[in-house]
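Number of protein chains: 4
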Amino acid sequence: MKRVAVLTSGGDAPGMNAAIRAVVRYGVKKGLEVIGVRRGYAGLIDGDFVKLEYKDVSGITEKGGTILRTSRCEEFKTEAGRARAAKKFKELGAEGLVVIGGEGSLTGAHLLYEEHKIPVVGIPASIDNDISYTDKSIGVDTCLNTVIDAIQKLKDTASSHERAFIVEVMGRNSGYIALMAGLTTGAEAVIIPEVPVDYSQLAERILEERKRGKINCIIVVAEGSASAYTVARHLEYKIGYETRITILGHIQRGGVPTFFDRELALRMGVEAVNALLEGEVDTMIALQGTEYVRVPLANVLSTKKKLDLRLYELAYLLS
Amino acid sequence: MKRVAVLTSGGDAPGMNAAIRAVVRYGVKKGLEVIGVRRGYAGLIDGDFVKLEYKDVSGITEKGGTILRTSRCEEFKTEAGRARAAKKFKELGAEGLVVIGGEGSLTGAHLLYEEHKIPVVGIPASIDNDISYTDKSIGVDTCLNTVIDAIQKLKDTASSHERAFIVEVMGRNSGYIALMAGLTTGAEAVIIPEVPVDYSQLAERILEERKRGKINCIIVVAEGSASAYTVARHLEYKIGYETRITILGHIQRGGVPTFFDRELALRMGVEAVNALLEGEVDTMIALQGTEYVRVPLANVLSTKKKLDLRLYELAYLLS
Amino acid sequence: MKRVAVLTSGGDAPGMNAAIRAVVRYGVKKGLEVIGVRRGYAGLIDGDFVKLEYKDVSGITEKGGTILRTSRCEEFKTEAGRARAAKKFKELGAEGLVVIGGEGSLTGAHLLYEEHKIPVVGIPASIDNDISYTDKSIGVDTCLNTVIDAIQKLKDTASSHERAFIVEVMGRNSGYIALMAGLTTGAEAVIIPEVPVDYSQLAERILEERKRGKINCIIVVAEGSASAYTVARHLEYKIGYETRITILGHIQRGGVPTFFDRELALRMGVEAVNALLEGEVDTMIALQGTEYVRVPLANVLSTKKKLDLRLYELAYLLS
Amino acid sequence: MKRVAVLTSGGDAPGMNAAIRAVVRYGVKKGLEVIGVRRGYAGLIDGDFVKLEYKDVSGITEKGGTILRTSRCEEFKTEAGRARAAKKFKELGAEGLVVIGGEGSLTGAHLLYEEHKIPVVGIPASIDNDISYTDKSIGVDTCLNTVIDAIQKLKDTASSHERAFIVEVMGRNSGYIALMAGLTTGAEAVIIPEVPVDYSQLAERILEERKRGKINCIIVVAEGSASAYTVARHLEYKIGYETRITILGHIQRGGVPTFFDRELALRMGVEAVNALLEGEVDTMIALQGTEYVRVPLANVLSTKKKLDLRLYELAYLLS
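Protein sequences appear in the order of chains A, B, C and D. So the mapping is simple: this note's numbering equals the position in the first sequence, first residue as 1, plus 951. So the mapping is simple: this note's numbering equals the position in the second sequence, first residue as 1, plus 951. So the mapping is simple: this note's numbering equals the position in the third sequence, first residue as 1, plus 951. So the mapping is simple: this note's numbering equals the position in the fourth sequence, first residue as 1, plus 951.
Same shape as in the complex, but just chain A (with noise of 0.2 Å):
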């Protein structure tokens, strides 16, 4: 093997430059020349390839987002669009490419390498922790650092005013960074899309805690269950309560990222070239444990991640 290439794609996470820097580096340790694919699948389409050298990748370890970019490419979600690109590739003449990203990048990965026989290897990159197989993926804890940050300073001010506090959160279908930053930071309720919400009884809960003390309240909502505007609403409605809305948005993709995720790309980096290497494709890289292990894409993409609600409970219980 002469010649790998590697992109990212899809939301970006913090922790992907290191992942770029640990492929990079060992690939060339290796042996191998590595290739970098800009704006991931529209750049293999476009055919925008960068030769990466051990010093290119210097000091982009702490660097939020990514230096190969990322796109969302509609034309890749074709057939048409994937023979393009698996032409590029194939015209590149490299032997294996690494794909950085979530769910839909490692859908992309698979299908190339089921139609086009290109050797890929997945590694998982979001923040949502939505991928299966894998104890965490890159993004996640330097995103749940950022919203534990940001939920701590509203409690500095929440117990100086009396107010609810509505903070808004990624999470399309996952409530795993509401759940985890609620349970973390003792919010007074959590709203997710896998448990329904019912606002009188969320109502009817906060009015008791004030009766027992509680000056805080913080509610923590993901994006795909509700608006931060629809919960605040709904509790002025019901109990006349004044809210104050956050709404964290992309703050929650960028970051200088933490250890934690330092170490999961810079390992998962390393061992996606191994896989190349010793040919172990159309896999993904997934940390279980202390271990990085290749799980066949098929397994990761046919397998949805569940939400633990035993912790959705013990958020309510310990708040």
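These are computed hints drawn from the structure, not numbers from a lab. Here the structure is a predicted model, which is why all the values come from computation and not from measurement. A portion of the hints provided could be inaccurate.
The list cannot tell twin chains apart, which means a pair is met if one copy fits it or any two copies do.
[Claimed, not checked] Subject to a maximum C-alpha distance of 16 Å in a straight line, what follows is the list of computed EDC-like cross-link-like pairs (lysine to aspartate or glutamate):
{"#": "1", "residue 1": "Lys1006", "residue 2": "Glu1160"}
{"#": "2", "residue 1": "Lys981", "residue 2": "Glu1264"}
{"#": "3", "residue 1": "Lys1189", "residue 2": "Glu1155"}
{"#": "4", "residue 1": "Lys1165", "residue 2": "Asp1007"}
{"#": "5", "residue 1": "Lys1041", "residue 2": "Glu1231"}
{"#": "6", "residue 1": "Lys1038", "residue 2": "Glu1066"}
{"#": "7", "residue 1": "Lys1006", "residue 2": "Glu984"}
{"#": "8", "residue 1": "Lys1068", "residue 2": "Glu1025"}
{"#": "9", "residue 1": "Lys1256", "residue 2": "Asp999"}
Given chain A, put chains B, C and D in place with the hints provided.
Leaving out everything else, chains B, C and D in the frame of chain A:
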């Protein structure tokens, strides 16, 4: 002088606790008994007092919010309310009152002096930096560091995609936070109450910058000028731009106070006690250069702090 | 079971408070009375007890250190000392004891069970990550984030000059902190107790890298291997290098706990109470993958956690 | 005026990049070509020049260090060295030079003007805040935030144990960092070059405070007064105190610039270009209150900035 009281009022600002600590500790060292008034003017009306000893303010500097809590008090805005507050204050037997808060709170303090000869000294605390005669108010610096940290995280992800990010920050009447945050992060546009916004011009400008190769597009908007959603709709309508929204909300009022806010609060607290001891009341402590001076509250309240619009031009020039 | 006790012991670790909070709140919700033992085993010997109610642990998650304080207690290392501690414990009428601490503390817990049948459950807390059977101990993650943040700051200035920066980190017997910090920040060298250091080789390596154009030179050294000053003297003597020293010291034990440490501590606290309730004592709660399991203390204490030296090679390979 | 140059010199300070960015962007907008000089005066002597375009300074504000790098240059301290530098400068065809640095660097700038009529404008950058006529120098604010963050972490662990923690901070001739950090974190003692230290008194004071119930004991020492080890030995000898040492070292020169340093640097950069354009050279830009003024370098260099020792008393009074 034997006994003084201190209260925090209005929207809370990081550093208020450092000011309380300084008033208490410096006061005690000067032989005074210091009484904390809980919940601002509402607590004054209710006689919600607590004696604060040297140790009671240990370790509070680093905490956001205010240990005395604040409130917005409608009753205090009436003459009758202030009369009740003055009565309680006189029953307490205190000979001076330190009021830590924004313009509304300082107005209240001034009226307490005018109407009831209560010897007040004000300390300006307002994240908006909208209090005149003082270079900075308590909380501004921490707030701006919170905002630029958030924008920095957006820039990570912004340079990975091709979109506009709109960040709504505090500032009902003042664009100070938006302007200074935009200026120091190199935001592409700043929308503030002091300058009428022309969405067509804004849209054109963004398109031009994109042509010149700019990937980032971050727009900082003060809540008093427009909501982030309004800005988003205009950009989507006019140039079909995809936008992403962040509303920072009350996280701007929280956080561990910065060095600047700690020094400012500590020294203003000390000077407020000195002003009381020297009978120079109905004044506000102000930072002017490196000195802490006393300004008659009447002057402070009759002068509107103006935003330096040269900085607005600079923000555009350098972005 | 009606009453349980909890103590923190040994060097403190960020997250200990989150564990205390979980033990108290989960315990109370399970109908238990929870007693805090102040100052670790020293407090147990002295009967320094305090009842902890639900509200007493409000807002402590975000605090570094431990509200119960810790101590190192020589007396407890003797049979007589443990006998006194056991007597006090029995007088207290508690039926279970949660011990949060490192290897020494867990050894103490095990002896309390062996010698006096006190039903103990351990929670591993140690910034060195040197406790076996658990993927991570409480405090490791926060500590490493503090260390990489410091090294990152050095890198800013390091790439402005031409010098070696030597950072001494904690780790008397374990090089885990130094190794992982070095690996994830791309430090030029890592000096740890597990690998004999050859200063001539180190010096040569640095000279070579300088020749290859590297400007940065950061060396992370575990205190158990050498002091920063020793490393500096060697480099100055062998290659005339100017060096700059940072000794992080106990700032590595402080700081607001990260998301990872919060979740770890909270869930270990909950599981410790469950283990007590189910009578599975003389055990330690361990994180294995995504599960929290109970491991006999005898097993934990008879197994030395080994550093994964493949990571040492990786640190050099990728730096 | 068509071409100006800019260099950074001496110890680096967070915010230098923001100043470079402002000089370049504002310069370009004013129709100037801006040349960066690499490695300070050493680069000036060597003619190590690089043209800086608008885009070259994109995204550098948030970076610590300086993209132009700095050096300490012995040759430049000689007349011959400065003559060589002046020759290179004139060959470059530049008509103005912005020097960003501390007192030594500003002295160099002044000599370039005196000896060779090179039109220089200085920008004060020094974490020690030891440059006169300006309220603050670039880097001070970020440095102090780094230091107080470190001390805050120590306080977490300090209140869990019973020990003295000694923190050595920068400041060879000035105790500003130590004093201000000690004042704003409530450190128990501050040791600075400006005030002779009496270890017996210090020891007594600590014992007394311990008697009064204080658990924390944090001592901040400026490197120019004593090393942390010296302080530790005295305390151990005199009162048998166990001590723990932190030496922050060059992490005080790094880090993402704070809001304050960003604004300061940006506006000083702009004003430096204005001063060149208006021919008001051999000056330094100074912050005085909220205004940016031009002060003759001769005045700056002939005046020693004095530490306000009232703050020293205040630090002890309030600790």
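Taking the hints in turn, this is what the structure says about them:
no. : hint              : in the structure
1   : Lys1006 / Glu1160 : between (56 Å within a copy, 12 Å between copies)
2   : Lys981 / Glu1264  : between (48 Å within a copy, 14 Å between copies)
3   : Lys1189 / Glu1155 : within (9 Å within a copy, 44 Å between copies)
4   : Lys1165 / Asp1007 : between (53 Å within a copy, 12 Å between copies)
5   : Lys1041 / Glu1231 : neither (19 Å within a copy, 59 Å between copies)
6   : Lys1038 / Glu1066 : within (12 Å within a copy, 66 Å between copies)
7   : Lys1006 / Glu984  : within (13 Å within a copy, 30 Å between copies)
8   : Lys1068 / Glu1025 : neither (21 Å within a copy, 62 Å between copies)
9   : Lys1256 / Asp999  : neither (33 Å within a copy, 46 Å between copies)
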